Structures are given as C-alpha cells and as structure tokens.
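Q: Please dock the two separately framed chains into a single complex, following the hints provided.
So the sequence lines, in the order shown, correspond to chains S and R.
Residue numbers for the first sequence, in this note's numbering: 547 to 738.
Residue numbers for the second sequence, in this note's numbering: 17 to 1099.
In case anyone wonders, no lab produced these hints; they're calculated from the structure.
In the BS3-like style, the derived pairs of lysine-lysine whose C-alpha atoms are separated by at most 27 angstroms in a straight line are:
#1 R/Lys289 - S/Lys722
#2 S/Lys728 - R/Lys289
#3 R/Lys41 - S/Lys549
#4 R/Lys293 - S/Lys730
#5 R/Lys173 - S/Lys549
#6 R/Lys293 - S/Lys686
#7 S/Lys694 - S/Lys587
All of these numbers come straight from a predicted model, not from anything done at the bench.
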Amino acid sequence: MPKYRFAVVCSSNQNRSMDAHSTLRKHGYNVESFGSGVCVKLPGKSIDKPVIYEFGTPYSLMYNELVNTDKNLYQTNGVLNMLERNMKIKDHPERFQTTNLQFDVIITCEERVFDQVIQAIDEWQTDHLEIVHIVNVDIKDNFHDAFKGSQHILELCQMIEKTDDLDGNMESILKKFAQTRKRKILHSVAFY
Amino acid sequence: MTSVHVALAQAHKSTDTTQRLHNLKIVEAILLEQKQEVTLNNIESVLLFYTDSENSLQLFVLSFIEKLCSLYVEVACIPALQTLLKFYNTHPSPVLQKRAILTLCSIYKPIFQWISASAKVAAVHRKAWELLCVLRDRIVHLIPSSVPEAVRLSIYKYIQRVILVQTPVSFEVRDRGASQTEDNLNFNVSTLPYDHSLLSRADLVTEANSYVSLLINYLRNPVSATSLIVLTNLLSEIARKRPDYYLPRVLQSLIRLCQAFPAFQPYQLVSLKKQIKVHFMALRSVPLAKDFYSQISAIIESFGGNKAGKPLYLEPGAREKRLREESSERLRPKRTKPATTSGSSAQLLMRLDGLPHHVIVDLLLAHLARLPTSMPASFPQIMTVAQLYTISSATHKTERAFSNGVQTSNLKTHIDLNLKCVQNVEDSSGPAGPARVLEPATGADPKSKHTPFKVKPVPLKNCDKLAAFSRLLDSENDLFLQSGARKIRRALLAKLAQVQQVFEKYKDPAHSDFNDFTVLLRDVLTKDIRKHQTLAVAWLYEEYTSAMHKRRFGDKEIPTALCAGSGFAIEEAPTNSFKVDINTTDLEGAAGQMSRGAPPQYLERYLACYDFIVKIVKGIVNNEHRETLFRRFLLEVPEVSIEAFKAIEEFCNDEYRAKFGFESLYELVLYRPRYRAYSLNTLLAFTIIEKKLIRSLSGQVCVRLCAIDGDIKAKICNFAMKCLRYLEREPPDDVQEERSADDSVEQPSAGDAISTDPSTQESADRPSKRWPLESVQAYSSLFFALCMETPEFLKSLLPVYAQVKSEVQRGFLQAVTPVVLNFHSDAIFQKLFQNAPENSYQLLLFMLEIYTKHEPPSEALVDCIQELYARQKYPADILIPVITKLPKKDILSALPKLVLLREKATLKWMSYLLERRYEGVAPPISPTDFLLAVHDISVTQLTRDGLRYVHSHCFEMRSVFTQEVLANVIQRLVDRSTLPNLLMPTIIKALLTWPSLSNFVVNVLRRMVSKSIWQYTSLYKSFVKTCFKMGQSGYNILLELPPRALESAFSLHSDYRRTLAAYLELHPTLNVPESTKKLVLES
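In isolation and in its complexed conformation, chain R is listed as follows (with noise of 0.2 angstroms):
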C-alpha cells in the first residue's frame, strides 16, 4: 500500500499537473478512509499546495478542506482556516474565490459545532474560532466592493449560513421533531451551553440578527436581478427555518420589495414575482405570519395565484363561505366511488355519510375523552383529517378514516349509541346551542342520505368523562413525539374547552360536567403551564377562531384594543409616568396614552382565557434570556392583551426583571407589527423615567431596535429630538418646586468650561427656572444612546445646544462624553464643524477636547481645524486639542492669538505643547523655541497681562524648563542684535527658580553692559535692580557701566549710589575708571 509520505513526495517532484493531482487524491483517499493516522504534518503538506499557480491543485485543496473538517474537524480546523486566510490575502480568481468561501460556508457549521461542543475550551478553540470570525469578517466586507457576480452570491449564501448556525430553532421546528439528517443540517446555536466561556448566545443571536438586516439591505438595493432572486430564496428559507426570529421582517421586506418591483427584465420580472409567490405560499401556513396574512394573500393573487393554503386561522366570513361551497359539493352526485372499506367501517361510514363534517368532528371530540392514553397507529392520521374538516376535499376521507379509527379504537359502540340517540331525539325544542348532535329537520325525509340536520348538544350522560379528561390531561406530554399524536391531541382538548364554553354560555344543565373540563384544564395549567403551555396556545387559538367565527353573525364593533391600525403612534407617544408634564408641551398629542376601550364583545372569552394564562406565565417568569414561556404567549398567540402589557410594564419597572420586559418589548415590536405601535409607545416611554438603570436597558433596545429597522430608526429618532427639544422650553413649575428644595446637585466638571461664555453666563445670571439635572439626563438620555451608535445625529445636538440653559448645556457636556470616547474615528468632527450654530461652538471644543486626550487626532481632523481657524471661524481655542499635532510653524504664528486666552485654557495648551500629551509622540516645539518665540511676542496692552501669564507659567514648568534651557533661551537672547522686552524678566524669574544659574547669569549682565543696555529703557531699570540684587559682582558690573549710565542708575532708586560708594570704599584696590569712581563718590 502507498504510503502519504510516498505519494506526497511523488505529488511534489511531479512537474505534470495531472499525475500531481492523482497523487494527492491518493493521500486523500488514505487519510479519509483512515487507512493511515491522520496528523498534521500530513494535513498541512497537503494544504500547502494552495499556492500551486494550477487551478485545479488549488480547488482540490478547498475540496480537501471540506472533506477534512467534515471528518476530523478537530486536527484539520487551524490549518485549514490558516490556509484560507492564507488563500485570501493571495487574491484569487473568481471561480476559486467562490469555491473558497463555499468551503469556508461549508466548514463552518463542523466548526462551529466542535467548538460548542467543548466542554472545556482550549486555546486551540479560541485561535479556531478567532480565524473564522477574521475570514467571516473579510468575506462580508467584499460585497459592497464591486466583486464578481458568483462571488457575491455565494457570499449571501455564506451569510445565510451563519445565520442560520448561530440562530436557535424556533419552535414549532422543535416541536415538529426534525428527523436526523435535518437536525445534522440544521444544527444550530440551541445546543450551545449558556455558560460556554468562549461563546455567548446573545452575542451570536444579536450577530445573525445583524447579518439578516445585512440582506434585508442587499434585498432593498439589489445589484442585479440574480442576486435578487437569490437573496429572496435564501431570507425566504431563513424565514421558515427560524420564523419567530425573522419570519416577520422577511414577510415584511418581501411586501415591501413588492409594492415597488425594481427595474429589470420582463422575464426577470416574471421570474422573481414567480418566487416570491411560492415563497409567499411557504410562508403564509406559518403562525407567525398571521399579521400578514390579508397582504401575503393580495400580492399572491394580484400574482394570479390561487388562494390555496391553509391558514392557521380562517378570516371572519372565510369559514361560511368554505361551508356552503362545501354542502353544495355535497349535495352534487359523487363520480368517484369511495374506497372499500372493513363491513362494520362501511356500516358506521353509511352512518356518518350525510352528516355534517363540523358534526363528525365533534363525534370525534366527545369520544376523545373515552379513548385511551396510548393511541393506536392509525389515531394521528384520523385526526390530522379531521383537522381539516373545513376543507370539503377533506370531509369523505375524514368520514372513512374516523371509522376506521374508531373501530380500532374499540369505539364503535359509543359512536352507535350517538347515533342513535341523533335519530331518537323527537324534542326539537330543546336549547339553541351551536351544533353539537343532529336531529332531523321536520318534513325532511330521515332516510335521506343528505338530511339536513338540526343541530343539538350530545348527551353523555353515562360516560366518567372527568376521570378520562383527567387522564388525557395528565398524559399530554407523555405520547411520543414521531406518533404526531401529541400535537393532534392538544389541538382537539383544546377545541374540547372551547366547546365547554359553550356549553357554559347556554347554560345547559345536561352538561355541567363540561363546566369540570374547564376547572381540570386551568388547574392543570395553573399547576404546571411550562409542561402544557401548547396546550395553552392551542386552547386560544380555538378560542380566537370561534370568537372569528361568531363575529361574523354577532358583533359588529371593529376591535380597537391595542391594535390601533398599522401606523406608529410614538407621534402620539410617552405616558405621562415621569415627572414633567410633556403634555403641555410639543410633545402635546403624541403623549397620549394608547386607547384603551372595553374589549369587543367577540373577543371577551379569547381574552379571559389569555388573562388567565399570563396571570399564571406572570408569576413565574424570571429574569433569565433563555424564558422562552412568556415570550410565546406574546409572540404565538393571535391577540395579545392588555394584561400582557400590564405585565411587561411590571417587568420594565422591576430591576430583576427588566431585561427580559424589554427583551419582550424588543421581540413584540419586530414580530408583531400589529402591537409595534403600542410596543413602541411603551418602550419609549421608559426612556424617560429616572430610575437610570432602567432608562439604560430601555436605551439599549432602542440602539437594538434603529439597527435593524429603518423605519423604527425615524420614529425613534424623532421621538429621541422631540424630547431633546423640549429641554428648549422653561421647565414646568413642578419641577421648579422640586428644583428650588435641591441646591445641591452635583455640577459637571465638563461645565466650567461654558461658565465663562458670556450668552450662556447672561441667561444663567437671569433669575428664571432651572432644570433640574436628574430631568435633563432623562430627557436626552435615549438621545446619547442613539448618539453612541450614530454619532452623526449629534449634528442635531448643535442647535438644541444653543437654545437652551446653561444648566442643560452642563448636562449635555456631561452625557456627551461617553459618546465621544466612542467615536471610532475623528471623520464625525469634520461634519459637525460645518454650519454648526455659533453658540454651539463650545460643545464642540469640549467634545474635540475629550476625544483628543487619549489619542492623537488624525491629519484630516488637524487640516480641517487649521482650515477653520483660517477662515476665522473660530477663536484660536480651537487650536488646542489638537495643538501637539500642529506644524511648529503654525504654532508659532498661532502664539500671539494663544497667549490671549483665559489662563485656565493658557494653562492647558500650554500643557499639550510642551508635555509629552500622547506615548510615543514628542511634543512639537522644543521648550527653547517656544520661550525664544515668546520673546517674539510684541508687548501691547491687549497682549500684556497674558504673555505674562505665559512666560511666569513657563518657569512654573520646572521639569520642562530646566536650567540648561533657560540658560540656552537666555544666551540666545543675548546674543541677538536687539534685545528683547522680555529678556530681563526672564533672567530674574531664571534666578528665581534656579539660583544656580547665578554666575551666569553675571556673565550675561556684563555681557550686557557690552551691549548697551542702558539704551534699552523698558529693560535696563531691571537690569540695575538685578545687578543690585546679586551683591558684589552685580556692583561690579554697574560699575563698569559709562558714568551717564550709571547716573541714571542713581536716579531710579536713592539707595543705589550710596550701596555703590560704600562698596568702592570697601574695596579701594578695585580698577575702576577714574570718572566712575568721582560720580559714585561724589556724594
């Protein structure tokens, strides 16, 4: 047998492609049949023929790959992303580029699912998974370039791969019980522990959420009419495989797309809307789509399809309508003979031909309470047709397989006895209940095969129903799940409780025991609803489609409770549960509450019966993401109630419990788009209350919510301005009071720097109400959150800005900085600067400010800035921020304007210019240059007082001006043909701070003697106190001084002459000129 290492070598001194490629089939062929051990020598041997210029070698290492990973994903991940990686950053062709992400696609999922299988995760896990977030990351940013149309879709195809990887199954697939094969196709994030160290469930549910927003976007703006085709399939099988995650925004994208059918062919036209029709056909039979249902079904028809399809519930007057088609089918003569059957089925068939199909089903549930608890094979398929009994092509086979059933059940007799009793019963004055048993009508012939039936309640008075109902309840769950019987079973108890309450509506006494189904069934509900909670929802469903049906006959009222059309109505918005009343104010209108009337009258029993049940799911729910029983009765049910919202309005206001009342906001909006208006309203009124970790989660999903809705986006941003705007107005007197009673609030630090603009010092010195800043964080705190994800709506900030108090703008400066830190690039800074309100320029400053302290602002943002500045749009403080980064140029021809800045500001460019501001970035300017330009700086009365600041500032700097720089600026100095105003300040304030420095400092005051200083009026009066000041060898200066000079030395301080002449006279040796020595001693 060849070994991998023979044909390896043979692969690799092969020149001929063909035989190179038959022999890395053959080490394919022994490592897959594990014909020899598989390691990673051998692996990556393989793979790194990747680089071979052949293009069949380098697909038969991607189809290698997938082979690999299939089998041993465990030794064949890391070499195999690294070889991907690899792949990538060597730009292949289109054809390999497309296979290469179809076998990224395909390895995903193996991977995935080793690494979520690991009960410990190792670093190999981690370096694995790191690797596919890096190739998922490149692969999804190729699109928007202009790639090739195979890669493209193969890209979408990637994506929906991933979403579908790292989205949990939705329940009715779980409760469908997927075969083998499609749970190995389907695998999914559900079998995901929750405490995985290296995974969050959340994290990858939120990413997949993201990625379906990601082609709900390629399907608004597609590239070409094959990519629309296929990214309709692919969201189209997203939406049926995981329908109570994305089943509505799908339905909702695909309406959209056809109401405005892009431009294309008319073939391609007629192609896609035949896709959409099928898909549309798929998805409809979904519960989820019931809010769809009219639009799903007036697009299929204006596609001339037909109506055909079962929805889950039938629209009022649709049932009617199914009936008398139905009867009249009845009554037609029959072509085809029915199927031959058992003699006693063909008896009980001859029985029940005729009757009713609602009737025979209701044979069916009555005697369901006697059957017993393990059903027998042919049960699920009797019950499935009778499910269908409103579909008449489902009536005659109903009649023959329920004989069939009942036979095997042993049933037979209790049918005969019903029947009998059908065709005894004489009085037919008897209670005018819903049909329930019939009794022939007078003057119809009772032989008649197609007797029309009156209809009355099955009388069952020798049955122990309560301990078989009992029974039938206990053992729901305990039927096995591939019989289907269970799922069949729910449907009927609960058709069997909604009977009951029919029987309790007409008060019939013969049927009290009914009255018991119903006390067991809520008991058995109250007792364990986790275990029964289908059961439940089938219960309402019966309820709602029996309401459905009666509206028709009875109830005119159009249901107004919750679902208030299908607009928003944040315009009429938040509730009044915070402290000031916003509707006095622009918010007037859109603050009311949502209109809460009574109930419809046909809905009254379908919504005691979910009150009742988010009664008991509300006592139970905790504050854990994976509570999936709450969010079904919100999300599966056909009405959702008030008391549902009482409820989620009870979990947002508790801190335990809020996450998951917002979570359940969160899915009611994107689900239901019935109840988003409500949901909506409900959420956002949350985002202005005080208690702040409340406000926060409420914040949070409302990011959530703008990230994947463009529309939910416009209503939450409006509503987000509109509630920023109102902090424009004088806060209400309530708030006043409040105010007034606390003083102390805490004043952002972020403030001082508005303190000093003087429109916002006015409007504070005026004696007027002020905003409290608990009110000011509530009403602008869905506003910053926005902001962190878009900081480009910070744009809307700049005007409200300058509107409003001073207090509020502290406020503001306060929020503002978390959102900056965010920023992830400076780009936002260069949109704000343009047309901002002039009053406004502070914020920015401050937001510039805070984004430049811990990074240095790029070139863009400094060019912008310079450009500005320039234009004088700006004072020079804008300058600051981004100081370190200016050409010492600009610097210095900035100075004069800089040293005009208050000296809290001077303090600080100061600080960015001569500190090391950012690791690794040297200041721009040395500190002898700058004290140098200083120097340049003319002395005027506008400059004086803060070129004194800045020069008495510099040699408080000790550690930047030390005394070798201060010796160097002052030698220069010196130096320089014409001595500068500032020179002798400087020297005093040298020897100030660095004694030290005090010989050279003589040196350089008898250099200055030699350079004429007594010329020099503004310095040379200093220059006499300084020499004066340094004892002995400043007298020996002066008195080198010429005797003009230093007679108007004598003349600025009487002192000075005699300190001099006794000094002359101490020292009589010293070689001073003759004339001196006469004018000092003179005297």
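Just chain S, with the same shape it has in the complex (with noise of 0.2 angstroms):
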C-alpha cells in the first residue's frame, strides 16, 4: 500500500500531470493530477490561438469537438491521442486551487506552477495542519520532454517512498536527485 499522497501539477492538467498522473497511476502509486492556471489550453491552429476550455470540461467533449472541428491537425499535433490517454485516467481536468484534497507531496512541472501551488495553499487558511513539500520539476510543455519528466518524476517519487521519515529526509533525496538528473529544482514545505 503507498505511504504517500502525491499530486502532479501542471498549467492546464492535459500533457505532463497528465503523463506523470499516468506513469505513477501504472507504477501503483497513490496520485492525483491538476493544472494551476486559469483555464485549460490546448494547442490549436496556430501559436497564437489555442483552443480554450474551463476546467472541469470533460476530456471526452474537448475530444469530440476537436474530431468534429478539425481532426486531421489535431492527429496530427498529438492532442487527440493524449486527450484518448487523458480519457482513460480521468474524466476531466481540475484545477488545484479548487481542490479539497491533501497530499504529502506536490510535484509541480513549472516554476509559474509551483508559485500558483504555493499561492494557492498560502490563501487557503485551512486548519487542518498538515506538512506538504512542494517540489518543482522543470519540464518542457511538449510530449517528448513531459514523458521524460514524467520517469524522472517517477524516480522522484520512488526515492521518496522508499523512506519512512519523509521530512527528514526530503532534503537529502532532492539533493540526490538533483545530482543523478541534473535537472533544476525547488522545494519548499507548507502547512495546510
């Protein structure tokens, strides 16, 4: 049975939470995925005119409309196969500032991710008085790097539920980690 409750957290809650949601879900780990933005973009036609959704838009609608508007581009861009992946995980993206769950680790995928997550928690002002550790991972919003993140999450997240003193030792696992993937992180620790 896991130890602990992590949550991935990326900006819209479609392609690297939701890779690393998958990755750690295969791996039998207690895990939940959500985005930090305002809402849930997809790319579209163009850089500059993505394709807009509400969080809580099931990924089976965003599916549809986007066979229905143009499924050729988005087959081809990826977005169709990663909202089917999307579609067997969960039902629709969610948004973390919504969120009434808690975790003992919170792994973002962006710098902007972790300051939302930490805003985020800051104006809760719940009572209930729990240590969460608040870990970012850069990765890249592209299907390549979310998949490579998502493993090296997953080594993450493996290190840390191998200990029994997960505060204690949270600092000396980041370090490792950042050593083994050279990859740039930050961590912090909230109570809420």
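A: Given below as structure tokens:
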C-alpha cells in the first residue's frame, strides 16, 4: 500500500501532469493530477490561437469537439492521442486551487506553477495543519519532454516512497535527485 | 442504533486492530453527531486507547481529540490535555510526536478561546490553562534537542499558532474588516477582556513576543534548509497578520538572512530566495514596512525580481518617472478597444479621455463634496481605481469607472460644467499653482484627443461646499464597513485637505472657501480625534506624499531632524537631565543631544499637521495599556516629529503616564528603525535620573528590549557599563557640594562587610570627595536591572567594584541583593569566582552569603568553593556561606583558620554551623564534636584570641550547648590520655553557665587528680582555683592531692593554705593523710 499521497500539477492538466499521473498510477502510487492555470489551453491552429476550455470540461467532450473541428490537425499534433490517454485516467481536468484533497508531496512541472501552488496553499487558510512538500521539476510543455519528465518524477517518487521519515529525508532525496538527473528543482514546505 | 457503550465494549473486546478502529469510529460518529450525550466517561473511555501499541489507534485518538475539542471544548479539554500530557510521557515515535504536536496546535485556539470567553473563571478553566502551559513549555523546549525534522517543523508551526493567538490583531486587519471565516481562523487575544482574572493580555503578548524572538533565533541558526524555508514562511505570515507587532523585526531578520545566506545546496538557495522574494513582495505593501522599502526593493532586484507592487508612498522621483512613462504610453495608439459603455457615459468618457489622470482624480475630489452621504454601490470601485491613478494601466479604467460613477451619482451636470470651464478658460495668465484644471496650451489643437493642457484651479463658485464638507466629515464613520467606501472616502478627504493647503499657499482668493475646509477638518479632529484617527493618518500621508513629490523640484537638503542615520547614537547618548555632568567624562561624546536642527523646508507642512495632531492627542492620553491612539500616530505615520518625542518625554516624566511613555519608546525602538537611535537615547537618559519610579520603569523597558534584539542589547549593555565605570572617577564638584550638605545618607547594612577591608578602609580614610548614594543608585540601576535578567553580566561588575570608592561599593552591595535573590541557580558563582579581581572578593562573598541565606548551595558550588579555598586563592571567609554543606572532616580541618576570623564573621559561621540554618537540613557537625575539635586546636599566640572568642561563644549558645552536651564533652576530654589546654576553661564556663553541673564537675575534678593534674602547669592553677570555688567538695579534692602538689597550689595564693587549714580544723575526723594534714596545718 502506498505510503504517501502525491499530486502532480502543471498548467492545464493535460500533458505533463497527466503523463506523470499515468506513469505513477501504473506503478501503483496514490496520485492525483491538477492544473493551476485559469483555464485549460490546448494547441490550436497557430501558436497565438489556442483552444481554450474551462476546468471541469470532460476530456471526452474536448476530444469530440476537436475531432469535429479538424481531426487531421489534432491527430497530427498529437492532441487527440493525449486526450484519449487522459480519458482513460480520469473524466476531466481539475484545477488545483479548487481541490479539497490533501497531499504529502506536490510536484509541479514549471516554476510559475510552483508559485501558483504556494500562493494557493497560502490563501486557503485551512486549519488542518498537515505538512506538505512542494517540489518543482522543470519540464518543457511538449510530448517528448513530458514523457522524459514523467520518468524522472517516477524516480523521485520511488525515492520518496522508500523513506519512512519524509520530512527528515526530503533534503537528501532531492539533493541526490538533483545531482543524478541534473534538473533544476525547487523545494518548499507548507502547512495546510 | 448502536450505543456508545456497546461499541466501546466491542472495541475493548476485539483483538483485531481494524475491528477496534472500526468500533471506535462508530463511537466517534455517535458522539460527534450528538446522537447520544457527550459525557466525560464516554470521552475518557475513547481516550484511553492512546495506550494501545498500534499506531493507527493512537493516531485515531489524536484525531478524535481535535474533533472533540472543536465541538465540545468545555467537556473535552481537560481529558484531552491530560491525555496529551500522558502521551508525551510515553515517548512516542516521531510520527506520533509530530501528530500530537499538531493536535495540540489545533486545539490550542479553541481552548484559549473558551477560557478567554469565560466571564467567571472556574477551577476547570484554571486547570485547562495550566495543562496548556505545561504542554506548551514541554513542546517548545524540545527544539534544542536533536528532534526529527518533522517534529521540529511541527513545533515551529505550533509556536507560530501560539504567537498569532496571543497577539492582538493589528490596526490594518481590523480596518480591513475580516470575514467571518477569517475571524475564526485568526482568533486572537483581542477579544480577551482586560479584567480577565486568569489571563493577562500584557503577559500573553510578552510571551508571544519572546516566542517570536525564539523563531528569529532559529532563523539565524537554521538546522536545515527545510527548517529555514518553513521559518521564513511562518515568520512572514506572522508579520502579515500582526504587522504592528512583528513586521519590522521579521523584516530585519529576513534582510539579515539575505545578507548572509547559510551554505546550502544551490537548489535550496534558489528555493529559499524565491520564497523570501515572495514574502518581501507581500510584506512591503504593509504601511509599517515603509522604513525598509529601499532595502527590500534592492534585495528583490538582486534576486531578479521586478518592482511591481504598490508601496504606500512613492520615493522621490519615482512618481515623476511613472508619470513620464504613463504619458508616453498614453500617446501611443492603443491596440485594445475600450469597453462598451452607455451613451451618456461614453460621451463623458470622450470628454475625459485625454485629460491627465491626476486631473481626473482632482475633478473627482472636487465633486466629492457634492456626493451624498450614502454612496452608490459603484462608488468604491471608482475610488479604488482612482487611488491607483499613478499606475498607467489603471488610468483608462479610472476614466471609464469615473464616468459610470458620476452618472449613477447624478453628478454629470457638475462634471459638464467643469469640463466646459476647462475648455472655455481663455485667461492663461492665472496663478501658476499646481495642477487642478486644464487649459488648452497655446498653439495646440483643442480638438485633439491628446491635447497637452496647462493646469489651473477648478472654479467652484456656485457650490455650497462648506455644508457638504461638513456633512462628509460628520458622516465619516457612518458608512458601513464592507462597502469599502469609508476607507476611500477618508483617503480622498485627506487629499482634499492637502489640496486646500496648496490653495492657501498660493493665496488664491477664488478658493478661500477651501481654507474653511481645513478649519472644519481641524475642528472635527480637535473635537473627537479618536473617531477620526484614520482620517488624520490619511491626511498625514497625503501631506507627506506631497512633500516628497515637491522635494524633487524644490528643496535639496537632506532631512536631518531625528532621522540621523541608521546607526545607533548611544555612544552620543544620554541627555544632561541628571545632576552629574557626564559630558566631562568618558561618556563625553556619548552624551550629546540628538541633533535637532530645523526640519527640512519640504516637510514643513507635514510637520505642522503632525504637530497639530500630536498636540490634540497628547491632551487625552491616559496611562492605560489599551491606549492605541497615540501609538498609532507614532507607528503608522511616515515621519515622527520632535514634538512627538517631546510629548513622550513629558509622559515619561509624569509618574501617572510614565508607563505609557516608556511603552511608546519601546515600540519606537522596535518598530521604527529610523528613530531607533533617538528613541533609545531618550529611553536611556531616563535610566539615570533621580526619580526612582521612572528610573525603574525605564530600566524594565531596557531589559525587555535586550531580550528581543541582540544589537539593541549590545548597545544598552554598553551604555550601562559606561555609566557604571563613570563611578570609578571622582564625583564632579556639584555633587560634592550637595554631598557635604547631606551627610546623613543612610548607609546600607551590607556595607559593614567591607568596612574592615584594608584597601577600602584606606581609601575611606582619605579626605576626598564622596559619591552620594542617590547618584550611585542612578548610575548603577540600569546595570543591575540588566543583571536581573542576565546574571552573567555581573562579571563586569567585579573589576569596577575593585576600583571604586567605599561609598560606591556600599551602594553596589545594596543594589546587588535583589539580583542575587533572583538567581535561578548558583552556577553563576562558579563563573564569577574564576579570574575575579583581588579586591572584589568582598562583593563575591557578600553575594554568596545572600544567595545561601534561604536555600542551601548546590554540591557543585560547594566543590568549587572548596577547590578555591584549597588553592589558597581566598581566605577562610569563603567557606562561611557554604559551611553548612561542607563535610565534617573539611570543617574540622578548616577550624584552625576559621577561628582566626574577626568576631562578626565568627558569630556568623558558628551560627551557620551549629544552629539549624535551612529547614530540613541538619547541621553537619554535632555541638559535642565541634567543642571537642575546638579543644584540639593548638593554642598559639596567633590563635589564642580567636580560640578564646569561639570557646566563650559556645557557652553563650545555651540552646546548642546544653548541660548534657557539655557534660559529655567534659567527660570525653577527661577520658583522654592527655588533658587539653582548654579543659579547665571549659569546666569553669560550664559550671558558670549551668550551676547544676556542680556535682558532675566535682567528680571530674576528682578524676583529674587521678590523672595527675598537677603535672599540667597550664591547667593546674585553674584547677586549684576551681576547687576552692567549689567549697567543701573542692577542699576535699584538694586534700586528696599529693603533698608536693598541694604545696605548689599554696604557692599560688596565700589564702589557700589558711582556708584549707580552717576547713581541717572544723572537720578533724576527715580521712586525710598525715603528711597532707601536716603540710596544711604547719603554718
């Protein structure tokens, strides 16, 4: 039985966080994924014309809409495949700021997301008093890097899961991870 | 439905943990959902499961405690706290320990809330508070030990919770009007009644203060990067939630941290900097952070941050820079379309578009006077944006919101009038006052949207402004809070007051009615400053911002008044308000007054307003702790004037209001770094004045400051030492004159101890000037007040003591008594005795004696003293205070030295040794053994007098040396093979003290004959004398002596033979040897 509750957060809860969610779930971890942006953005016809959805819109609905709009385009750019994968994991993208769940470790995929998560926790004003570690692992928002990043997140989670004293060993785990994977990471601790 | 009892019974019976947990959850559900009555028995039955070895059950109990206390605190708190206490005694695993701390953290607030809300404090409240305190202390003291990281982080969180609960909510948070949920989470000591019989608000705040110091201390010496990150988060939250108490200190510590980061991993440093940057961004918008603004900005910039975020006021030049950027931005074609507005609004917008933003706001201000008392709903929105008018992105929005707002407020006509006026003004030679109303510049296209305008005051001839202003001022506090309109309206009223002064300055007769507004405002403030305090603060800020703005163009001088740099000026410190002129001493240069030069020109108006307000406030300040009004005008205003400090000094000099005055100085030192030097100087000057009460109050404040900040402590200690060293010098002339006029100063009895000290005696004999006791007390009071908290500081007293005159030494001895009585342990003595100067021995001895007066010394101290004595570093006096705890053999070996001491000392050590000094501690030596030991001391020329005194004093202690004791001693002495020299004096004195011992003495004397007493020359004379004094029984003993011995006895006194002959003649039948009879009767 997994010891710790993990959350993976990216901007739109589509690519990076869902890839990591999928990988971690396959390995039996207790994991959830979230987005921290205002809305869900998918690549559109051009870089300045993203397809925008609200959080909570089912992946299936997005899939159908995109198929109807321009199946070839979204098939080619890999969005449909991504949505198919996401549909198998959960129903819809979730926003981190609105969740009530509690976690032991929150892994973010971008510095901006890291800031948003910290700000959200700071603003929650809950009275639960649980310690949460927030770790940022920078991952570029493309399929290749998302896959590579999810493997690294898996490694990190495996290292974390092995320890019994999470708070005491987190520093050494991150140090080891940063050295072996040569990744830019950030770490913070909060109570919520 | 399953009852609690059934579920509990099943939980007890079951051996399977899952089943037990299930049953317990049923019990929890029943109790928490109030399906059955929550009784103490039920609760205790569940809580008993904490003893179970299963972690899951223990965690359940902890979670149960949390839930229960949030709902039924009055029933649950005592068993819950008791369980937690027992839980700690079982030394739980780190996971459980962490959970238990967080549980306590969670229940701390509801329990505190419950106790503070109780109108009558019952035993249960007291018990709950006691338990809470015990647990709190236990947890806080866990940190220094090597606890696991999780436990440490939980303790930090717990301390933060205690701080937030025990500190009143800040002005700003109050003003903001927190929501109900936020109120719940932010419950704090503010609601505690001042007359609560169990909890004292002042004590709780002081305690919270010390916890903040603790956290800051941990921040300075972090154990790990995680700890440091958590500490920065927690401290930042504390500073944000309680800014007026902790913000400056937290900022200082964070800034200090940024100046020297600990050596961590690169990723940890990056994370830490990121956190700190976020905290700085949040904290610098708090008004109290204004003094740190430049430092914070520099740090944020060095971390690679932007300068976003609106400070309370803009630095000189910053506003102009923004204006320039803004105007260039406005002239650039806009890409975004304006939002659609209604027809009339759009029309108005068209007119407003192109006007500089500050003119829009000025128009708004001018029309403020026309607004109704109850504002339309959209008003706050307009004003909020209007307040941000210096930010370029807000300008366009301001225009739109303003146009909408004036539509809903029916002000369109007035706006139209003004705009018409703007466009129709032809006279460009009007007074060149500051920007108020616009006029098209010559040569510019009046139809152009972006026409540059020249600015002139708004003509408002037809408005009945005075009545409107009056109404606005009267209704200042009447607007309900949540609309936000009150705050905005205040800000704008303040702006209006500031605008008025501009008109006044330029003497524009067209706007003389604005003068009346200031008069109105001043009247309102004079009438009820408490009610309008926020308006007054807002007014001051407006003046200050305007002054800073003006400085850019006008005055170039640097403000010198009060803000004399960031360093301390204590080295230049105390004023000459005390009698002795310390300017002529070492303190010279330290005694200068703070420079009180004329205020800079550009602050003249601000200071005039501030002084006006201070004058009003000064008159109504009382001595209550809750007095926040004056405090607000010290802590929240941008600049504090000389007048305010004068007012504080006045309070400090007034015994009734001194407490409040010192509290103000305390807060200024802590919370206004710019005024720290001056405030500290003022405070320190009061520590050496002659009024005892005031001196003592100032000393207390200094001690509190020392406990908070290391730098302040260093400065205060430095000052205290300088004052102390000043006493090493000759007193100044004026003191000498006064002294000679008053020779009847009471000498402290403690001074007796030093009167025989040869060195001091010599100095006392010297005809020289003397320090009066009052001056000694004045100069040393701060030092001794500091020693009360930090006894180690006494180390510095020893060299001074060795140097000063005898009267000063007496003063020191008198003052040191309470300090010594306050010692928590005697470990300090061990430090003091190491390397103490030779002449300070008497002081040390005196202190040791006071300390051991009421409680016995520790073994460590006794060992230390014995060692010092053994090394012959100190004379035998040093043993006196600890003599009760010395081993018998050591006492006996030291006895020959002890008897050499002077009489007073002898009386003391004998009393300590032979009488019961401490309750429950038996004397280390019995009187019999003592007296026997005295007899063993060889009588020499050196010891004779001392021994004689000790011996005589034994017989004065009748309660100790009873006749049984003496008989025993004499008997044992006589039984010895060799009779001691003191035997006969002992027999004689015993007989005199206890005449009933005569028969026993006769027997002893007879026994002495058998021991050939005549062979002991020193004893024999006394023996014969005693025998003669004893009468017939003595004669009989004498007649038993051998003739030669008897003959030598007759040679002692001529009457002896005659007396004995007469006795023989009277008793012819006595069995006396013939030779003896012949010898007696031969004459």
